[in-house]
Every structure is written in C-alpha cells, then in structure tokens.
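> Here the protein sequences line up with chains A and B, keeping their order.
Residue 1316 in the numbering used here sits at position 14 of the first sequence, and the numbers go up by one each step.
Residue 140 in the numbering used here sits at position 4 of the second sequence, and the numbers go up by one each step.
Since the hints were made in silico from the structure, they are not lab data.
One should not assume that every hint holds.
Stated by the list, open to error - Computed beta-carbon distance windows for the label pairs:
{"id": "1", "chain 1": "A", "residue 1": "Q1413", "chain 2": "B", "residue 2": "T398", "range": "53 to 61 Å"}
{"id": "2", "chain 1": "A", "residue 1": "L1355", "chain 2": "B", "residue 2": "M177", "range": "32 to 40 Å"}
{"id": "3", "chain 1": "B", "residue 1": "K441", "chain 2": "A", "residue 2": "E1594", "range": "40 to 48 Å"}
{"id": "4", "chain 1": "B", "residue 1": "K143", "chain 2": "A", "residue 2": "S1306", "range": "54 to 62 Å"}
{"id": "5", "chain 1": "A", "residue 1": "E1728", "chain 2": "B", "residue 2": "R198", "range": "40 to 48 Å"}
{"id": "6", "chain 1": "B", "residue 1": "Q272", "chain 2": "A", "residue 2": "S1521", "range": "54 to 62 Å"}
{"id": "7", "chain 1": "A", "residue 1": "R1393", "chain 2": "B", "residue 2": "T261", "range": "47 to 55 Å"}
{"id": "8", "chain 1": "A", "residue 1": "K1758", "chain 2": "B", "residue 2": "Q272", "range": "43 to 51 Å"}
{"id": "9", "chain 1": "B", "residue 1": "G397", "chain 2": "A", "residue 2": "H1507", "range": "48 to 56 Å"}
{"id": "10", "chain 1": "B", "residue 1": "E447", "chain 2": "A", "residue 2": "A1605", "range": "30 to 38 Å"}
Stated by the list, open to error - Interface residues of chain B toward chain A, partial, derived using beta-carbon atoms under 8 Å:
{"id": "11", "residue": "K143"}
{"id": "12", "residue": "L145"}
{"id": "13", "residue": "L146"}
{"id": "14", "residue": "R239"}
{"id": "15", "residue": "E251"}
Claimed, not checked - Okay, derived cross-link-like pairs now, EDC-like style, lysine to aspartate or glutamate, Cα gap no bigger than 20 Å in a straight line:
{"id": "16", "chain 1": "B", "residue 1": "K347", "chain 2": "B", "residue 2": "D452"}
{"id": "17", "chain 1": "A", "residue 1": "K1486", "chain 2": "A", "residue 2": "E1336"}
{"id": "18", "chain 1": "A", "residue 1": "K1486", "chain 2": "A", "residue 2": "D1583"}
{"id": "19", "chain 1": "B", "residue 1": "K143", "chain 2": "B", "residue 2": "D452"}
{"id": "20", "chain 1": "B", "residue 1": "K203", "chain 2": "B", "residue 2": "E222"}
{"id": "21", "chain 1": "A", "residue 1": "K1570", "chain 2": "B", "residue 2": "E251"}
{"id": "22", "chain 1": "A", "residue 1": "K1414", "chain 2": "A", "residue 2": "E1573"}
{"id": "23", "chain 1": "B", "residue 1": "K143", "chain 2": "A", "residue 2": "E1573"}
{"id": "24", "chain 1": "A", "residue 1": "K1570", "chain 2": "B", "residue 2": "E222"}
{"id": "25", "chain 1": "B", "residue 1": "K441", "chain 2": "B", "residue 2": "D339"}
{"id": "26", "chain 1": "A", "residue 1": "K1486", "chain 2": "B", "residue 2": "E251"}
{"id": "27", "chain 1": "A", "residue 1": "K1434", "chain 2": "A", "residue 2": "D1659"}
{"id": "28", "chain 1": "A", "residue 1": "K1570", "chain 2": "B", "residue 2": "D452"}
{"id": "29", "chain 1": "A", "residue 1": "K1396", "chain 2": "A", "residue 2": "D1412"}
{"id": "30", "chain 1": "A", "residue 1": "K1434", "chain 2": "A", "residue 2": "D1407"}
{"id": "31", "chain 1": "A", "residue 1": "K1347", "chain 2": "A", "residue 2": "E1337"}
{"id": "32", "chain 1": "A", "residue 1": "K1434", "chain 2": "A", "residue 2": "D1389"}
{"id": "33", "chain 1": "A", "residue 1": "K1486", "chain 2": "B", "residue 2": "E248"}
{"id": "34", "chain 1": "B", "residue 1": "K143", "chain 2": "A", "residue 2": "E1337"}
In this text, a Cβ means the ideal position worked out from N, Cα and C, and glycines have one as well.
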Amino acid sequence: MYFSSYDTEGFYDEMFDGAGTPRPHARLLVETVEELSDGHLLRYKHAAERLLLQMGITFNVYGDSAGTERIFPFDLIPRIVPAVEWDHIERGLKQRVHALNAFIDDIYHDQKILRDGVIPRDIVLSAVSYRKQCHGLNPPWRVWCHVTGTDLVRDRDGVYYVLEDNLRVPSGVSYVLENREVLKTIFPAVFEGLSVRPVNDYPSHLLEMLESIAPAAPSNPSVVLLTPGIYNSAYFEHSFLAQQMGIQLVEGRDLLVDGGRVFMRTTKGLEHVDVIYRRIDDDFLDPQAFREDSVLGVPGLMAAYRSGHVALANAPGNGVADDKVIYAYVPEIIRYYEGADAILPNVPTYLCWRDSDRAYVLEHLAELVVKSANESGGYGMLVGPHSTVKQQEEFAEKIQANPRNYIAQPTLALSRVPTIVGDHFEGRHVDLRPYILCGRDIYVLPGGLTRVAMTKGSLVVNSSQGGGSKDTWVQAAAPEIQEGQQQQ
Amino acid sequence: MTTSRSKPLLSRVADAVYWMGRYTERAENVARFIGVNQNLMLDSPRGGGDQWQPIVDTTGDRAAFLKRYNIATKENVVRFLVFDAENPNSIRSCVLAARENARSVRDTISSEMWEQINTLYLLITEESRKPQPAMQPEFCHQVRMACHLFQGITHATMSHNEAWHFIRLGGMLERADKTTRMLDVKYFILLPLVTDVGTPYDDIQWAAVLKSVSGLEMYRKRFGRISPDRIVEFLLLDGEFPRAVRYCIGLADASLHSITGTRPAAFSCASEQRIGMLRSELDYAQVESILKGGLHEFFDSLETKMNTIDECILGDFFGQRPQSAGAGG
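Given the sequences, and given the hints that come with them, work out the whole structure.
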C-alpha cells in the first residue's frame, strides 16, 4: 500500500505536512510501509485482529444484547509524537495534575479558592460529583488524583489542547500496552530503527504508586484492585492490570469491613487489605455512604477510609474537578495554585449558566459541540455540524431546563492520522489520552491511547461509539535535540 | 508446604477455578463418549438400534433429554450433548461456563490458559452458529484435544500453587464421577447379553468401554484378555491409570492436603476427612467383594460419597464469613 494518493484534505495530519510531504519523524515509517510487498499490510491487519480475539481483548457494549463482546478496532499505522512535543505535553500534564490535586484538597478543606472568588461557590457545590462526605479527609501526600487519563486534541493549527481531565476511573491503559505487544509481534521490521520509548513498565510504576499511599507504612502492603465484575466494559483491563502487578483482583463481595478495617475472604480465612485501586465509581463504592442500592460495593468502606485504615485510589470525591463546568476554570485554578499560566491550554468553553454564553450557544447550536457536565464515553453530547435540527431542538430544551449542566465548545478540526480503510489509507480524526500517575511523585507514561474515529469524517472517538485505537510512539529525545530544546 | 508462602486465595477465586477444572473435564468426557460411540456404531451389526440412549444416561440427563427429544437418534443425541444451550451439561454449556469462570479469574490463571479456553470457546460457538453443525467424529476429537491442551498448558504454565490445586481437585472429582457413571451404565447394558458372551461383538463392546476412557491399551498391558470383572477392577481400583477412580481420588486427596497444609493421612476439615475415608476404602478394596455386594449398589454409594465431598468443599473453602457477629457482608 502506498501513500501517493493520500490526501490530508486541509486537516492537521500527524504524518504529513500540508504539502503532502512526510514530516521528519514519520519519514522512516512511511518508507518502511511503502516497501512492504502487496497485501502484506492487510495480512498483518487480519493477523492482529485474530490475535486480539484469541487473547480475548474485548469490551462489552452497554445497551447491546447482554454479554456481547467486541474487539476494540485497532489500526496498524501508529501515531508518532516527536520528543520535543512530548516534552511539552509532559510538563503541561504534570503542572495540571499538581494544580488539580491542590484544588480538590482545598475544596474539601478551607475552600480558599472559593473565598477568593476565583470560582463561584455555587458552581462547585452544585457539581453532581461534589461529595460532602469527603470533607476533612486527608489522603496520603494530599493526593486525590492517583491515576489520570487526560484527553488531548489538536486543532487545525496543530496546538495541543486539553479536552477533558478524566480524574475518576479512567480506563484504556491496557490497550496501550497490548497494542504495543501486538505491533511488536506482527510488525517488528517497522519497529526496528525507530527509537520508541517503551510503555511496558507502566504496571510497575502503578504498583509503586499504590504502595506509596498505604496507610501506616506496613513493610509489605496488601494492594488489591476492586472491579465491578466480568460484565463491566473495562473488565479485561482490570484483570490485565491485576495480573501484571501480581495483586488480587477483587469484587465487592470478596471484601468486608470489620472493626473499621477492610478484609478479603480467602480460603484460609480473612486477610487484611491496605490499599484498594478501585475501578468502581464513587456512587457504587459503599451503600452506607453513597447509593444505597449498590450491590457492587463494600458496606462500611468509607468509614474505614475516613479512619485512615485503608487507602483508596482514586480518592472518592475527586470527580468534583472533572465536572465539565469546573473544567473551564482549570486555567484559573493553575494560575491560583501554581502561580503560572497553564502550559497546555483548554479548549475555549461556553458556560450555559452565564446568560450571555447561553444566548450565544443557543444561536449557534449547529456549529458547536454541546456536552452535559457530568457524562462521559461520548454519551449526552451533541456534535452540532453532524446533528439534525430535531436533535438541536432537543438540546436547546435541555439547556434551558438546566443551564448549569451544559457547556459548549467550538467544533475542533481534530488532527488526523492515515488509517487503513479497505485497501488504501484515509485520514481519520484522533485524540490522545496520556496516563499520569501521582503518589509521592508524578509520572507520565511516555505514550498513551490514541483513539481514532473509524467512521469517515466522524469526530467521536469513544469505543462505545465505534471508535478504535492506534499505538502511540513517543520518540526518545535524540542527543542533539535535547541540547537546543525548543517548544513547539 | 509448597502453598503456604504464596498470596492468600480468595474464596470466590477458589470456587471459580474449581468449577473451571470441573467443566473442562466434563466437556472432554462428553466429547470422548460421543466420539467412541460414533466409532462403535460403525462396527455394530445392522439394526443395532438404540445405542445412543446409554450415552445420555452416562451424563445423567435422561429425563431432560426425553422431555425435549423423542428418540435417541444420533442427530438428537449429538445435538443435545454437544450444541444444546439449554442442556447445562452439553459441551457448549460446559465450555461457556468454564470460560466465564476463567474470565473472572484471568489474573490468577496464566494468559496461555485463558487464550486456550477462549480458543475452545470460539471453536464451539462458531460451529454451533452454523445451520448444520458438525456431527463428525472429527469435531469431538478437536474438542477433546483442545481440552487436553488446556490441561497441559495448566500443568506447564501455572505455578502449582493453591489455585492450581483447586483446579486439579475439581478436575479429578469430575473425572472420577464420569468414569463411575460410564461404567455403571455400560456394565448393566452389556452384561445381560448372555448370547453375546465370548463373541467378537462382546469383545468389541467392552473394548469400546475402555476406549471411552482411553484405557484399552493400558488395560491390555495390565491384564491382557478382555474380561468384564478385570475391566471393573482396572477402571475402579487401578492406582496408576489416570482415569481410574482410585487414581483420581488419590490425586484429589493430595491436592486437598496441599491446599490445607495438613500432613498426609490426617485431616483438618470435613472435606479432607471425607475424601480420606473414600481414598482408603478404594486403596484396600477388592473387586471380588465389590461384585459380591452388588456393583450398582457400590456405584450408588460412590456417587453419594463424592457428592458429599463436593458439598464439604463448598462449606470449607468457598464461603468465608467474618468471625465477629454483626459485621457487614
């Protein structure tokens, strides 16, 4: 397959510049792909899909007939991030996560930022994900966001913007590791010669971070991963991470709280638990503290957490900073706590609770992307240019009924990467989700999940909406680049 | 002991791997019974008729079968035992259940084990989606080999830790159960055919019994001539043949002791006591006295004892409750 007929169609392309010339970091990849004999790439593609199915790397689609498993579509052409770009991203993400931790800690303690009027008090206290049960809690190192999966996008100008923070229970990192394994297995020739930073030490970093938050520093803390179970859409990832870290994968029914301590039921009796990497939403964590009807959680868990006998990652209540209205204030949050401007800009955001913004949004629904403040996975969203008049009217009603719950952003022309479509390449829109670990230190995984909207022209990359993924190659800094380091 | 230093095993996980072991063994046995019967039918005299019903009896599902299929034709029986999603003991249901269990403990078993059971699942589901699923012996052979491969992978890629012993415990109890049932059914079908005694057909039938458990060659080495009593002795009491009941109970007992860490020939819980009693009974039994006391009665009491062991395992390991009263859970 050749790129000769490939057209960037005026979008920012990760592999080719506006004139259709391969970008310097992509030159070797373009050459290697074009040197492959006819049919090679498609055979690789089928081999990869077969491998994923055999490995059972599947996800469940909600609302589909029960138990339906699909493989997450995977495109062989990787997305390459040059070292200088990555350096910029990494610094930006560290700054952002550091500031968000300070913000959440402040909200659940003195609320200085509210008293100083940087963010309206009402906005914070009315966030669905704000938990008054978390007031006065002191998680170790004052860290609330242990695992973050920030979504980045690039617009037509090539600038990286933060689209969402995903502080609660971000998923997808297992695909980063598995995609890399698949690509190394079936595509070794392309891989050789490019200096790509490895990602497979992520589980070690994750375990180290989890052990660093154990209460009362036992020498060998017992860490478990709490999953909702095999019918959860991310179950594969839960089992994968537990296996890679060598920790127990537990369900709510495996745990119990006794005398303010958390135990798991084993064949030899009850065993103490120190740290829980929970992949269950706040709402379902503890029926005594949150939703009473939850059968996934552990009764009494929040009380044990409050008394400091067990650590939870991510910390309950951290979703307050994930509210899409509060997201709009993150640049101010960074300025307030870090005393510096945000390295990575936000996407410009209209807040529908502001009368002037709302009037603008309602007039420009056909151009904007409207999102509800507290949903994820591509649900509860209107992509203006791709919507019908009827859908726009429905959203107009929703916005007017509950302005606090809606924001709007310009429709970005997301950057594209060549993707195999049938027997040729076409550009498809992508985003990038790097993973940030924060315990005693902050670590950013060099790479991340590049999600790709497999449908032509589509801007929705979520797996639940038919999105796929690509491997993300972060290039190691070449010595000469490191010397004269430059931004963008 | 080997298991004492590794991480504690969750009760739920122990339960799941135990059943994963049982279900893969069950699928393999059903595939084996069908394969051998298909082969046997090719050798039987014309009009040999109702030879498929006993296979259904072997799996203990006679009533469920008759309710939904009238006659035990080859097509009906194969459909019921291989592809029928409503029969909880069909190969398809067993593989599905084994896979669901494996999926819930993916972090405990090796990736290779998971991939193999998933491959077996894909094989069955692809076949059962066809309008005319395979009725050929070849398919049963594939299933059997896939199960063997799973067992081999389990042996070779997973630490022989507590969870591994639960897999083997489940597998061995299931195998002992299937050998018992098969022998029970066959013995009473084959024995009354007095006219056939000593004929080539009789030999072929008994050879088929041994083949059902891959035991013909090993039996020949041990006893030579085909004789019903010696076959009973071989399949019940042999200490070396891996599908003989005594051998299976011996390994199950050994696994249970590895799990608890109790020294051999002692017991620390009900299941260990029951399995030890059964083991010594088989260790010191003689086939002559079993036959004198009535073979069918012996099989019945064997089934009862194995069911009790299964119930005791559930109570001893799978249902941990908090020690103090009034705690959650």
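> Among all the numbered hints in the text so far, which are the ones the structure does not match?
The structure conflicts with hints 5, 9, 16, 18, 21, 22, 24, 25, 27, 29, 32 and 34, although it agrees with all the remaining ones.
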